[in-house]
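Input sequences plus hints: build the corresponding full structure.
Protein sequence lines correspond, in order, to chains A and B. Letter by letter, the first sequence follows residues 1 to 198 in the numbering used here. Letter by letter, the second sequence follows residues 1 to 198 in the numbering used here.
Take the hints with a grain of salt, since some may be wrong.
Derived DEER-like restraints, expressed as beta-carbon distance ranges [as the list claims (entries may be wrong)]:
#1 A:K35 - B:D24: 23 to 31 Å
#2 B:V26 - A:E147: 36 to 44 Å
#3 B:D111 - A:I102: 54 to 62 Å
#4 A:E177 - B:D110: 44 to 52 Å
#5 A:K35 - B:E139: 35 to 43 Å
#6 A:I102 - B:D101: 54 to 62 Å
#7 A:P194 - B:E99: 32 to 40 Å
#8 A:E177 - B:D101: 39 to 47 Å
Derived by calculation from the structure, the hints in this document are not laboratory data. Ideal Cβ positions, reconstructed from N, Cα and C, are used throughout, including at glycine.
Number of protein chains: 2
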Amino acid sequence: MTQFVCDSNRIAGVNFSIHPKRDDFVEIITGALEKVDTSKVWIETDDVSTLVRGRIPHIFDVTKAIYLHAANTGAHVAFEATYSVGCPGDTSGEVYMAEDDIVLNKEKVDDISQQAATKFALYPLGGGDYMDQIYAQIEAMKDRGVEVSPTHYATRLDGEATKIFNGLEQVFIDMEESGSSHTVMTVSMSANSPSTKK
Amino acid sequence: MTQFVCDSNRIAGVNFSIHPKRDDFVEIITGALEKVDTSKVWIETDDVSTLVRGRIPHIFDVTKAIYLHAANTGAHVAFEATYSVGCPGDTSGEVYMAEDDIVLNKEKVDDISQQAATKFALYPLGGGDYMDQIYAQIEAMKDRGVEVSPTHYATRLDGEATKIFNGLEQVFIDMEESGSSHTVMTVSMSANSPSTKK
Numbered sequence: 001m002t003q004f005v006c007d008s009n010r011i012a013g014v015n016f017s018i019h020p021k022r023d024d025f026v027e028i029i030t031g032a033l034e035k036v037d038t039s040k041v042w043i044e045t046d047d048v049s050t051l052v053r054g055r056i057p058h059i060f061d062v063t064k065a066i067y068l069h070a071a072n073t074g075a076h077v078a079f080e081a082t083y084s085v086g087c088p089g090d091t092s093g094e095v096y097m098a099e100d101d102i103v104l105n106k107e108k109v110d111d112i113s114q115q116a117a118t119k120f121a122l123y124p125l126g127g128g129d130y131m132d133q134i135y136a137q138i139e140a141m142k143d144r145g146v147e148v149s150p151t152h153y154a155t156r157l158d159g160e161a162t163k164i165f166n167g168l169e170q171v172f173i174d175m176e177e178s179g180s181s182h183t184v185m186t187v188s189m190s191a192n193s194p195s196t197k198k
Numbered sequence: 001m002t003q004f005v006c007d008s009n010r011i012a013g014v015n016f017s018i019h020p021k022r023d024d025f026v027e028i029i030t031g032a033l034e035k036v037d038t039s040k041v042w043i044e045t046d047d048v049s050t051l052v053r054g055r056i057p058h059i060f061d062v063t064k065a066i067y068l069h070a071a072n073t074g075a076h077v078a079f080e081a082t083y084s085v086g087c088p089g090d091t092s093g094e095v096y097m098a099e100d101d102i103v104l105n106k107e108k109v110d111d112i113s114q115q116a117a118t119k120f121a122l123y124p125l126g127g128g129d130y131m132d133q134i135y136a137q138i139e140a141m142k143d144r145g146v147e148v149s150p151t152h153y154a155t156r157l158d159g160e161a162t163k164i165f166n167g168l169e170q171v172f173i174d175m176e177e178s179g180s181s182h183t184v185m186t187v188s189m190s191a192n193s194p195s196t197k198k
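Here you go:
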């Protein structure tokens, strides 16, 4: 078997799903995808999830835009994602590493105001003082315009979805710049939930 | 701020969500929860996810049962979970570590036949030969009656949901027995999807 567990050198990627809790979930997902410019990333969807690979700014730009377009329908939409960078493995999408840093969807989505509740967890693999790295990134989130609170196995973020995505992207960039050899981050985000926050 | 990122010594836990893609998602979720005996675990739900903490057999028994009861409605249901054990931190649910190994939901759900497509990823934190540990667990899954195939950032499992959950529980037990200090496993499972497998 090809050992295809993670990504090639420094290409970043995300394995994610959008879950609209509505009968017309297909229309919401395809409608959101049609509004997003994915020309600077490698993208593939199957029956479980969607994979996006490329440079860090573009994988966050694309996932943020898909989520905001889906949530902007007013549906209760959950976003579940695992972002990853730095593990040796496959090479699909390597060509997209030549793209520049100009993101393609920011202008179209940054004016969408959408409150979101998020839980994120950071997993610096490959050893070292990984708990210290996690705590430092949680502290840094407090300066990014979102409400930060503790929960089990994760950190909770509440606020504007655009600010939350921008903050999570910065966590990822900081981990790369700190020299972490392999970083994984999970994100669960919910918009328009009928449940009230506890 | 309380640094509440992960679990206390050897208590296991899971942070998960069930996402039925239907207008009646609330009824599907609450209906599934009502059918599950959660008396041997600590459980708490908020607007983003549900937390279950306790001994390994019970956290898998409870999540498997909730998923199978929800999927058994025929709805397209996604299950997104992060299982975790071994990180220093909070203590909620410690009292449940005194429970025995007799699982409470197995008899009621093991006769539910439900095909599921799953992607799982294993993150042994705290260093060591973590890629070797991951590859060994992927190999071991092949003997557990499910179809195993590679995908980006994860390993795909196809087959009966009961066998998939039992296999994932065994991965977790094996990691504990191997002495891994802190193990995290993410699981994305989909049932009754209108999309065909690629």
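Q) What are the numbers of the hints that this structure violates, sorted from low to high? A) Violated: hint 2 alone.
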